[in-house]
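Residue numbers (our numbering), protein chains in the order written: chain V, 1 to 342; chain U, 1001 to 1354.
These are calculated hints, taken from the structure and not from any lab test.
We treat Cβ as the ideally placed atom computed from N, Cα and C, and that holds for glycine.
Please note that a few of the clues may not be correct.
Some chain U residues near chain V, calculated using beta-carbon distances under 8 Å [claimed, not checked]:
(1) Phe1263
(2) Pro1279
(3) Ala1319
(4) Thr1320
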Amino acid sequence: MSSSMAERGTAPLVEVCNLEKRFPVQRGLFGRGVGQVHAVDGVSFRIAASETLGLVGESGCGKSTAGRTLLRLLEPSGGEIHFRGEEITALNAQAMLPYRQRMQMIHQDPYASLNPRMTAGEIVGEPLTIHGVGLRAERRERVAQLFDRVGLRPEQMHAYPHEFSGGQRQRIGIARALALNPALIVCDEPVSALDVSIQAQIINLLTDLQEEYGLSYLFVAHDLAVVEHISHRVAVMYLGRIVELTDRSTLFEAPLHPYTEALLSAVPVPRVSARRRKRVILAGDVPSPVNRPTGCHFHTRCLYAHARCRAEAPALREVSEGHLVACHLHDAGPKLPLAKPA
Amino acid sequence: MNELVSTDAGALASAVSPDIDTILEIDDLQTHFRSPGGIVRAVDGVSYSVRRGETLCVVGESGCGKSVTALSILRLITSPPGRIAGGEIRFEGRNLLALSEAEMERIRGNEISMIFQEPMTSLNPLYTVGRQIAEAIALHQGLPRREAMAKAVDMLRRVAIPDAENRARAYPHQLSGGMRQRVMIAMALSCNPKVLIADEPTTALDVTIQAQILALIREQQETLGTAVVLITHDMGVVAETADRVVVMYAGKKVEEAKVADLFEQPAHPYTRGLLGSIPDMAGAARSLRRPRLTEIRGTVPSLARLPPGCSFAPRCAFATPICQQAVPPLEQHRPGHWAACWNAERVLEGSAAA
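Only chain V is shown next, with the shape it has when bound in the complex (with noise of 0.2 Å):
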């Protein structure tokens, strides 16, 4: 198990450490709060330099707010981020201004993220000029070359969003991104609104973008053959907390979550010969973050559920060398196949 955090440099871009994120529920007229969600709960995780890693996890598991909650765009309820080695969790607007050009968001829907009344050359070129970076000339001369790079031709700088298909907007999005140079790229489902034949497009020019740059990301979708495609190492989130998280060949061939077992056997497989595989098929749905399981957030779908697992929530630990997994049934060690203990 070559590590990729280890060819890629020990010391990480962007760690956090027990991030939470709670939102209150209100009811009424006035506001009443009668609960909160725990939409992010306790998450920890690194991105290495030049490395992506990818966040799983079906509708509403977190892994979106975990993404915007890292890049400080909603306020962390609790934990800490940091980004190379400082602590910015709690810094204001004024301080906050410098990591911001360092890490940058690439949206799902890429025309509601692009203002309609812009061209595509002013879109591209705002961050340069709300963070003040060089003459006029030489930012015009930036966004022609961002423009070059992510595949637009240059007489498309005057068009406006909706001139362009959803594949073009989504390159007006990453070229966006790119402008300040960033570190860092959240990509929120940056694939997911796209043809099939457009995806492959997008995938291959983030990943030569990566090589190009060097650049981190966090890949935040719910398509895990794009997510195994693009991804060095992946988190499986549900209901809040990461379940499982290694490098991206362990994670698809020897899972030792139940959860992540049953999500990878419920993809279906572009291949005819792949209809006899033996499948696990989850009972029920994801319950309420709202109201949430006592123990393991999973027992209530878990097909190895017991006692433990209904009082106690399993803390997520390193199993193995770099595979942490949080599930009573690899106390001692990980255990293939999955089984429910006697």
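Got chain V; can you put chain U on it based on the hints?
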């Protein structure tokens, strides 16, 4: 399916071979929409057929006409701006396009049912889900209200909704996305339809729920012999559910084949490109360096501004001069394997070598 290679350009009609088991036949369908820029041919001469108990998958990207074809079957095209401009849709030999609206009412939801991608838009928010299912049963089977309600609860149980008696009293917004989709399926299956049309039934759902829903459809099909037309863009879903596959691009059928033939040896460059552009989880995990994904260059063309000749030609790696000049006819290249491509033989050979 004994006839061999046919090179007859007018072979469109025989693509839908008159088969004793055929329950639904779409024959040279034309569905057009009026737009400020002129007539948009959303469906331009599409033919396919479905047999009893069979699953036919219709694949293609947004705007290829796969959903409009399905809506045309049930005559659910809003007019204006839409209009079924030509062709026939035969259900058990009867042309649905020639029926009166009253006759069509008896077929819709009763003999042919449809499930939509977004269940929230097809459920009435003002009525409980139980009442909505019961109404369909009462209408089509003439059962008294109490019996219809009991059958509705029974249907909810059959689609694995826990605590069905109580859930029947819930309003759509009180249910999760997966639950609502199951309610839609319960409603669609409540009258034991002979044909079920499912338009992206799992696209809005998480994978673990998707697996449940697909298993449910398969189970219903096995017990009742329902023919299923499954419309999707997900090649994984196709590989796991289809018997036969129709591939659409820019309003036309570009390929049709048995599922194994399509995946093993695609005959149309578009199908070949689609299959190459999806990351293959199981394949890639074993190699250390991930192969680059095959890109289909360019973008899906606007139906209002289609290029002359083959619509796929501007994006096609196999294109030759004739592709820009003439629309390729749909021809049978292997038994049961049809493609509309001037270079299909070359593509087939390339696919076999790959």
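Cross-check of the supplied hints:
no., hint, result
1, Phe1263, "5 Å, holds"
2, Pro1279, "4 Å, holds"
3, Ala1319, "16 Å, violated"
4, Thr1320, "21 Å, violated"
Hints 3, 4 from the earlier list are contradicted by this structure; the remaining hints agree with it.
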